[in-house]
Amino acid sequence: MLFPFGASRLPCTKLWRIVIVVCLCLSSGLFGANGQRTPQEEVNALLSIKDSLTDPYGNIGNWNRGDPCTTNWTGVICHNLTPSDGYLHVTELLLLARNLSGTLSPELGRFSYMKILDFMWNNINGTIPKEIGNITSLELLLLSGNQLTGSLPEELGYLSNLNRIQIDENQISGPIPASFANLSKARHIHMNNNSLSGPILPELSQLPILVHLLLDSNNLSGYLPPKLSELPKLLILQLDNNNFNGSTIPSSYGNMTSLLKLSLRNCSLHGEIPDWSNMPSVAYIDLSLNQLNGSIPTGALSENITVVNLSNNNLNGSIPESFSKLPRLQKLSLANNLLDGSVPSSIWHNRILKASERLILDFTNNRLSDISGSLLTPPNVTIGLQGNPLCSNRTLFQFCGPTEEDFSNSLNVTKLNDCSPQLCQPPYEYAPASPAMPCFCAAPLYIGYRLKSPGFLDFFPYFNAFQEELSSGLGLNMHQLDINSAAWQKGPRLRMFLKIFPMYINDSLQLINESEVLRIRDLFSGWKIKENRVFGPFELLNFTLADAYQDFPPPASSGISKGALAGIILGTIAGSVTLSALVSLLILRRRIHKQHRHSRKRLCEYLKFLLSSIKIDGVKDFTYNEMAQATNNFDSSSVVGEGGYGKVYRGILADGKVVAIKRAQEGSLQGEKEFLTEIELLSRLHHRNLVSLTGYCDDEGEQMLAYEFVSNGTLRENLSGKFKVPLNFAMRVRTALDAARGILYLHTEANPPIFHRDIKSSNILLDSKYTAKVADFGLSKLAPLPEIEGAVPGHISTVVKGTPGYLDPEYFLTHKLTDKSDVYSLGVVFFELLTGMHPIYHGKNIVREVNIAYNSGIIFSVIDERMGSYPCECVEKLVILALKCCKDDPDERPSMAGVVRELENIWMMMPETDTKITEELVISYPGKVVSPPPSSSSSLAITSYASESVAGSDLISGAIPSVAPR
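FYI, the numbering for the sequence shown is -35 to -1, 1 to 931, going by mature numbering (1 follows the signal peptide of the UniProt record, and there is no 0).
It is possible that some hints are incorrect.
[What the hints assert, rightly or not] Calculated pairs, DSS-like style, for lysine-lysine (alpha carbon to alpha carbon, straight line, at most 30 Å): (1) Lys192 - Lys455; (2) Lys455 - Lys493; (3) Lys781 - Lys734; (4) Lys455 - Lys319; (5) Lys766 - Lys612.
Everything labelled a hint here was simulated from the structure, so no lab data went into it. Keep in mind it's a predicted model, so treat the numbers as computed, not measured.
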């Protein structure tokens, strides 16, 4: 045999990994070389776009395999628009909420047939390429929710077919280009929450079908153009939080007959309010926080009006009687003005309110002297008169206490039924009752949805109408759509979580199949749902499939071209050849195994040679000298931890990068196995919530692994009081969510999926921004592959390894490892987050102790005092989730996808102030590892038992410094 030999020893098990890599390379090469259906110019453009982006989750990792249009590259939608050229052309690029960063490539301008360009809700920075202006076919330009900077390219005004431009929630500066007056087909211009400056162009009044102009929260100045009143279709004019210092509201704005919403809050406006009696459609007027003067117009307002906010101005005179004839009014705020005279009680006496309706009247801090008419108020009416002279009258004192300023921020709109949710196994849950079937289990689609500028502040009166409107727009029966929750956000905007269920027809459950999923997603992402005037514009925040579904790729075309068929044939041949080689190598390995030791050694040395020729992307093969230099020759001062595998050092590479270096103990067979496992797994895992592998060293008889250095310690250290700033509850929920997302990636996105097998708080690290990262894959196992018959086993039979207190009881007894084993271990971590306790302390088990406390109704007695105040309902939900994760029967535990969903729900329930405090802590203590304060320990933080791995390792429980880095 012509084997090249090396001098070092390498385990023979690497043979199979090499064979698999070679198979994949051969197969992908043959398939990619034939059967191309996408024009090469568009293929090259997609690859350039991929190169300019950072994709930590690997969401567009398949953008290098085969043909974009026929192998369904993520987010790439193609159509055969020009049959004469024989190509499929990219018409939609849908990369909504893919956790992408980096920049937008100028090569985006290469797509001559593109209609939808969607990069919303990512972390992309840089500028908007002017080359996008070359895509004359473009209809939807969707870049909201990124970190884009720079000015708007003039070239965007050349997009003659553009229907919608959404660039809101970025950091774009500079003026609005004059060319935007050419966007004759634009219906939606959403550029709010940026840093745009300069005046609003009067030429925008030339846009014939514009319905929504959202420019709020910018740095716009100058004056309000009177010509905007000439926009014939305009429904929403939202210019809040700009600085039109010295400008008045043009009188012509009172003649906008189509206008639904006029919002000019906090714009430094002066002068009088125009007469509004010629605005028959208006439902929402907000002119608060300006310097408006004069009296309130006495003309009759539209009967559609829901909100009038004129607070914090310099208005004088009396409150007009015209406010008494508004049947849909929800809020009238005239606070902090100079109004005098009487308050007409007819404003609330002329209203007949349903049980779910409310009316807020805020007249605080004026010069009002009394109330005319009856003093009786319905129970659903809140009146505020504090700070007026009338409050000196004892008979009116009931109106002078503190008032509720706004409607509830969090609206629980879930409908109750007689079904028992606990009878459905996750991800299934009871669908809303329908005429055909009152109770049945089904897996829904989960959709994040938001109304950007609704014409109301109280959602309850519109709830049924909205559900009917949206279900009709989606082509669904009304009972298929469940509005799970709704909450007001800044804007004000109304965020919702929707669930779409299958339905029963003729006693048969009609599953949501692939075509139905694609149809529904297309309606949302393409803005093909008819917009109701009152509900205003909507936006899709996310589109999530339950575990029961596959994320169906969009179909590119029907039929297979001759080139593609040739590629399949050649790929099949390549696969057959590779399979034959694999079988031959298997036979060879068995024969060699029976031969003398020197033969085995020669084969292993040959495999060492092969390994040295394979370069793993992003993972460097370091020499021993490089590792020694990084650690000052492995000086003891560089040691930051030690586990069963060996010591961990803090190192600084030649390029200045700080890493954690794990060095195997000499002669450790267990370490050698972990070494191979971690290189194999981490080299192909890329996720923001997993510790990344920087490189490895297999030199001079030493085995070392270099990881990214994570600066804020392990979760266990943070819970044990080693740091000055204890984790508050919001930070703990975020840590739980981060860890769950990382494990979900292992279970569902890694190819093949992976069971971690050693989830514990010392294997969860916190970086400089307190983002949690799961570490230590030395005990991990690949999930089972399909058997010959195509069935996938539900478990792996393997020797029990892990850490006491975290071990799944079922796995411990049966040696059957499943994804639910990781769910159990993570549930134990949740208990640690809640209580601060170790999994085992004084011989007691944390799972059993929390179970007893919960069943006894004293759960809050074991909650960690160091996390300060917390919302009780959120804590209780996290307790319930942890208890479910730690059920003895694996089938009763949720999937990791279910865990992530529930944690996301808990996070969304958190008070906004708590999440803000969390962000402030991250900013205040970025990457600082500080000493604990004196007497800060809690009686619940029992640390008498230090968990040790069973036949495992602690990896980077010691890969973090316990003192501040020098």
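Hints, verified against the model:
Pair hint Lys192 plus Lys455 holds up; C-alpha atoms about 29 Å apart against a cutoff of 30 Å. This hinted pair checks out: Lys455 and Lys493 have alpha carbons roughly 26 Å apart, not beyond 30 Å. Distance check on the hinted pair: Lys781 and Lys734 sit about 37 Å apart at the alpha-carbon level, beyond 30 Å; violated. With a C-alpha separation of about 27 Å, the suggested pairing of Lys455 with Lys319 holds against the 30 Å cut-off.
With a CA separation close to 20 Å, the supplied pair Lys766 and Lys612 stays within the 30 Å bound.
Consistency note: the structure conflicts with earlier hint 3 alone.
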